[in-house]
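From first to last, the protein sequence lines stand for chains A and B. Following the numbering used here, the numbering of the first sequence begins with 1 at its first residue and continues without gaps. Following the numbering used here, the numbering of the second sequence begins with 1 at its first residue and continues without gaps.
Any given hint could be a false lead.
Where chains are identical, the list cannot tell them apart; a pair therefore holds if satisfied intra-copy or between any two copies.
Computed cross-link-like contacts, DMTMM-like style, restricted to lysine to aspartate or glutamate with a CA-CA straight-line distance of at most 20 Å [stated by the list, open to error]:
#1 Lys76 <-> Glu63
#2 Lys76 <-> Asp103
#3 Lys76 <-> Asp105
#4 Lys76 <-> Glu55
#5 Lys76 <-> Asp43
If you are wondering where the hints come from, they were derived from the structure by calculation, not from laboratory data.
Number of protein chains: 2
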Amino acid sequence: MTFMVESDADTTVDEVDAIVEAAAAAAGPWAASEPVDRARMLDGIADRLDAHAAELIPLAMRETHLAEPRLAGELKRTSFQLRLFAQQVLDGGFLDVRIDGADADWPMGAPRPDLRRMNIPLGPVLNFAASNFPFAFSVPGGDTASALAAGCPVIVKGNPGHPALSRAVGRLIDEAIAECGAPGGTFGLIFGRAAGVQALTHPAVAAVAFTGSTAGGRALYDLACRRPVPIPFYGELGSINPVFVTADAAQSRATEIAEGLLTAVSSSAGQLCTKPGLVAVPEGSPVPAELARTAPVPTGEMLNDAIAAGFARAVEQVRSHPEVRVLAGGGPGEALLLATTARTVLADRDALMHEMFGPATLLVSYRDTAELLALARSVHGELTVSVFGDHADDTTRALLAAAAGTAGRVLWNAWPTGLSVTYAQQHGGPYPASTAPSATSVGTAAIMRFLRPVAFQSVPEELLPPQLRTENPLGVPRSVNGARAQ
Amino acid sequence: MTFMVESDADTTVDEVDAIVEAAAAAAGPWAASEPVDRARMLDGIADRLDAHAAELIPLAMRETHLAEPRLAGELKRTSFQLRLFAQQVLDGGFLDVRIDGADADWPMGAPRPDLRRMNIPLGPVLNFAASNFPFAFSVPGGDTASALAAGCPVIVKGNPGHPALSRAVGRLIDEAIAECGAPGGTFGLIFGRAAGVQALTHPAVAAVAFTGSTAGGRALYDLACRRPVPIPFYGELGSINPVFVTADAAQSRATEIAEGLLTAVSSSAGQLCTKPGLVAVPEGSPVPAELARTAPVPTGEMLNDAIAAGFARAVEQVRSHPEVRVLAGGGPGEALLLATTARTVLADRDALMHEMFGPATLLVSYRDTAELLALARSVHGELTVSVFGDHADDTTRALLAAAAGTAGRVLWNAWPTGLSVTYAQQHGGPYPASTAPSATSVGTAAIMRFLRPVAFQSVPEELLPPQLRTENPLGVPRSVNGARAQ
Numbered sequence: 001m002t003f004m005v006e007s008d009a010d011t012t013v014d015e016v017d018a019i020v021e022a023a024a025a026a027a028g029p030w031a032a033s034e035p036v037d038r039a040r041m042l043d044g045i046a047d048r049l050d051a052h053a054a055e056l057i058p059l060a061m062r063e064t065h066l067a068e069p070r071l072a073g074e075l076k077r078t079s080f081q082l083r084l085f086a087q088q089v090l091d092g093g094f095l096d097v098r099i100d101g102a103d104a105d106w107p108m109g110a111p112r113p114d115l116r117r118m119n120i121p122l123g124p125v126l127n128f129a130a131s132n133f134p135f136a137f138s139v140p141g142g143d144t145a146s147a148l149a150a151g152c153p154v155i156v157k158g159n160p161g162h163p164a165l166s167r168a169v170g171r172l173i174d175e176a177i178a179e180c181g182a183p184g185g186t187f188g189l190i191f192g193r194a195a196g197v198q199a200l201t202h203p204a205v206a207a208v209a210f211t212g213s214t215a216g217g218r219a220l221y222d223l224a225c226r227r228p229v230p231i232p233f234y235g236e237l238g239s240i241n242p243v244f245v246t247a248d249a250a251q252s253r254a255t256e257i258a259e260g261l262l263t264a265v266s267s268s269a270g271q272l273c274t275k276p277g278l279v280a281v282p283e284g285s286p287v288p289a290e291l292a293r294t295a296p297v298p299t300g301e302m303l304n305d306a307i308a309a310g311f312a313r314a315v316e317q318v319r320s321h322p323e324v325r326v327l328a329g330g331g332p333g334e335a336l337l338l339a340t341t342a343r344t345v346l347a348d349r350d351a352l353m354h355e356m357f358g359p360a361t362l363l364v365s366y367r368d369t370a371e372l373l374a375l376a377r378s379v380h381g382e383l384t385v386s387v388f389g390d391h392a393d394d395t396t397r398a399l400l401a402a403a404a405g406t407a408g409r410v411l412w413n414a415w416p417t418g419l420s421v422t423y424a425q426q427h428g429g430p431y432p433a434s435t436a437p438s439a440t441s442v443g444t445a446a447i448m449r450f451l452r453p454v455a456f457q458s459v460p461e462e463l464l465p466p467q468l469r470t471e472n473p474l475g476v477p478r479s480v481n482g483a484r485a486q
Numbered sequence: 001m002t003f004m005v006e007s008d009a010d011t012t013v014d015e016v017d018a019i020v021e022a023a024a025a026a027a028g029p030w031a032a033s034e035p036v037d038r039a040r041m042l043d044g045i046a047d048r049l050d051a052h053a054a055e056l057i058p059l060a061m062r063e064t065h066l067a068e069p070r071l072a073g074e075l076k077r078t079s080f081q082l083r084l085f086a087q088q089v090l091d092g093g094f095l096d097v098r099i100d101g102a103d104a105d106w107p108m109g110a111p112r113p114d115l116r117r118m119n120i121p122l123g124p125v126l127n128f129a130a131s132n133f134p135f136a137f138s139v140p141g142g143d144t145a146s147a148l149a150a151g152c153p154v155i156v157k158g159n160p161g162h163p164a165l166s167r168a169v170g171r172l173i174d175e176a177i178a179e180c181g182a183p184g185g186t187f188g189l190i191f192g193r194a195a196g197v198q199a200l201t202h203p204a205v206a207a208v209a210f211t212g213s214t215a216g217g218r219a220l221y222d223l224a225c226r227r228p229v230p231i232p233f234y235g236e237l238g239s240i241n242p243v244f245v246t247a248d249a250a251q252s253r254a255t256e257i258a259e260g261l262l263t264a265v266s267s268s269a270g271q272l273c274t275k276p277g278l279v280a281v282p283e284g285s286p287v288p289a290e291l292a293r294t295a296p297v298p299t300g301e302m303l304n305d306a307i308a309a310g311f312a313r314a315v316e317q318v319r320s321h322p323e324v325r326v327l328a329g330g331g332p333g334e335a336l337l338l339a340t341t342a343r344t345v346l347a348d349r350d351a352l353m354h355e356m357f358g359p360a361t362l363l364v365s366y367r368d369t370a371e372l373l374a375l376a377r378s379v380h381g382e383l384t385v386s387v388f389g390d391h392a393d394d395t396t397r398a399l400l401a402a403a404a405g406t407a408g409r410v411l412w413n414a415w416p417t418g419l420s421v422t423y424a425q426q427h428g429g430p431y432p433a434s435t436a437p438s439a440t441s442v443g444t445a446a447i448m449r450f451l452r453p454v455a456f457q458s459v460p461e462e463l464l465p466p467q468l469r470t471e472n473p474l475g476v477p478r479s480v481n482g483a484r485a486q
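Using the sequences provided together with the hints, build the complete structure.
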């Protein structure tokens, strides 16, 4: 990041070239870094974030209008995430080491040679930072942490919503890199749409991570696919995060569900990729009345004018539908609750299952179980689908099956907005939730996006990477002849 | 495959629609099939291939001109491969089950909910069969076996080079499917370029596997990316499979290397995706003389006229270069050995590092170690790179590092044409070797291409898939709270 620009200007063509070339030059040394050094660098970034919280949080507040407690929690989550990836580096499980000894009697019909396989880093990763999590999905976020952990240099295309914070965090990352002796090109930061496109199409960039809108993400995905050498594009795009409430649950827990929904829709001014944007409840249930009773619910200010304008346009598309009415809210700084029927949504799916990125949701009333299931089965690719129910019965089983068929995460009696960073987390899903349904952008499996396997055939011990040597000097988990071994 | 066409005609538009819709209808039941039933179906296909070898092999010989021993070996490999995937289904490791218990003290700063994650099938897979392995990379080959093992219905776009064999094998697969009670749509077979494109762009198809030429594969990849809902495209395209021979090895083992090379170039008439197409030897080494002494080496007849014409065009592109000369062979039914210098290749990389799919290779002489390393570092994405050396020294280390940086499989003193089906195998690599560098099309990891993870949050035991229940009734391998457990 030697070339980091301190002004508000977009990164120039020459600067982008220099940053990408520095990343390309750093790729070999960083891929070859010792696990302890790589982990120390990730821990070093986490330590610096924590140590500088008192400066970073006010800066984030100014640039994003998010509240202090939310940003403090996000910063803690971000440094935790960096340390979790440092642990993964030391563990080595992500290398997926597989060793097949030579076997003259291998039943394939020909002797099996000695084959040893492990994952290696893909190369420089370009990371388009999100607007709504200035720490956790931005410069020091999960994409950066997992790519660095994989052994890839990272170039972050900073989000225009929080440039000063991005630069401040970038300086801390540079310090951590320098401390562990890695090349400066291991991390770079660029700004501007044209700079992002230039980096995306640079031959040295090997993979892309993106979190943002469906339209913006799809345009970049298309560019990645059209390169002479296409590269993996891990895009987390839009999601409605539908919630299906059974008749039982709507009756027995109407107040609790209404309160939970209002919190999920209004917190962080609804600017969460997992905000529930469609909630199906039975006709005549007490839920709408409970909602109307509690509303209007205040929300914070939105991230910036561009996000607010996009939200207004998306809301207008849904609200202007002749069969949609306002249930409550929608004044300045208030969450907006819209309402319609399942019949209307099923008849006009694309207009009404439409992401409104901000504090709004669409309450959908269904007449019977058949209509509820038809609605659940009409959903396209989603990050999350939630089911509220009281029992394991045919309806809840069918709802959960439909949910698993369309979403990366399926919740039971829980709201999707809390996204835990864990080993089993999955943040992704079929398109448009993600452009890569087999990948996750949150949780320890996120590291797998930036690796590719290499098999070494008949290579003698002294020429093998240490992770593949029989003596296993680094103690990495591995499978030997198809069986898990330590 | 109820709709399978018995004539030579291409599958019609209506037939393709019916086959894809049958696959979509089969997706749910096949995904929900018990592991024992799924394994029994794969074993059933293998048993039928073995039982019908006496009819299938002569049919394959007529349609492909490949020799009986080669086809007998390929059939054995193919049934072995199906049984290996049946074992994977029973093992369940590919599900990558991860269980995080609820943890109120999770250090992220917020309580961790109960999260349980496993891989589920993507849905119907379209498999473009290859010309050169009428069993192992065709209707009953690795893509079909791994997709069925993953729980995905498979539609094979049959290769036009062996339609009768494809249909005969398709009938055996249908029998195996019927025997295990799976829906008929679990397997479909279509013919014709237009039919393939129609299936590729059908909304119900969820992923594509392809083995073939770079031009053909890239065109289909582009179509997959441009769909309204893009889908993963696992294409194995072209590869040169360069071989780098050190000065030591060229001196000490010239005869052995020359013989090995001639076998690798001429067997199966050079129609192997792993045929070595460029071999670097030191200037003045005895290898060219050894080659010239042994040549001309007879090759079998080529697969078909289209392949022969493509080979002739590719050879002409290389041979017509003013700095390329014929070293030996090239008459009808003979392997062709071309020769040039490393300097020439480095000056005109794209013209000379050009796949010649057939019995030809380009011998490249280098002047010194610097030129050898420059050549090794100029290589683009490859399935394999081989290094022949006598010692672990700076040169061989640098060659192996360059090889790992560009290829999916790295060989030491071995020819790349034998491709073992094992746990640690990797058949893929950076583009154009593969359109998905993190995937393999051979070996047990090939199953991972057709899966996506789903995380279940706070779902009670009785509503979870059995693989995610605490008691682990199916005994699948899993990790619990980040640690491997049984």
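How would you label the pair lysine 76, glutamate 55 (within, between, both, or neither) given a Cα cut-off of 20 Å?
-> The answer is within: 14 Å in one copy meets 20 Å, while 67 Å across copies does not.
20 Å Cα threshold - placement of glutamate 63 relative to lysine 76 | within (19 Å within a copy, 65 Å between copies)
How do lysine 76 and aspartate 105 come out at 20 Å by Cα distance, when the copy is not named: within, between, both, or neither?
-> between (54 Å within a copy, 14 Å between copies)
Can you give me the call for lysine 76 and aspartate 103, within, between, both or neither, at a CA distance of at most 20 Å?
-> Between copies, since 17 Å is at most 20 Å while 50 Å is not.
Given a CA cutoff of 20 Å, do lysine 76 and aspartate 43 count as a within-copy pair, a between-copy pair, both, or neither?
-> within (13 Å within a copy, 51 Å between copies)
Of the numbered hints listed earlier, not one is contradicted by the structure.
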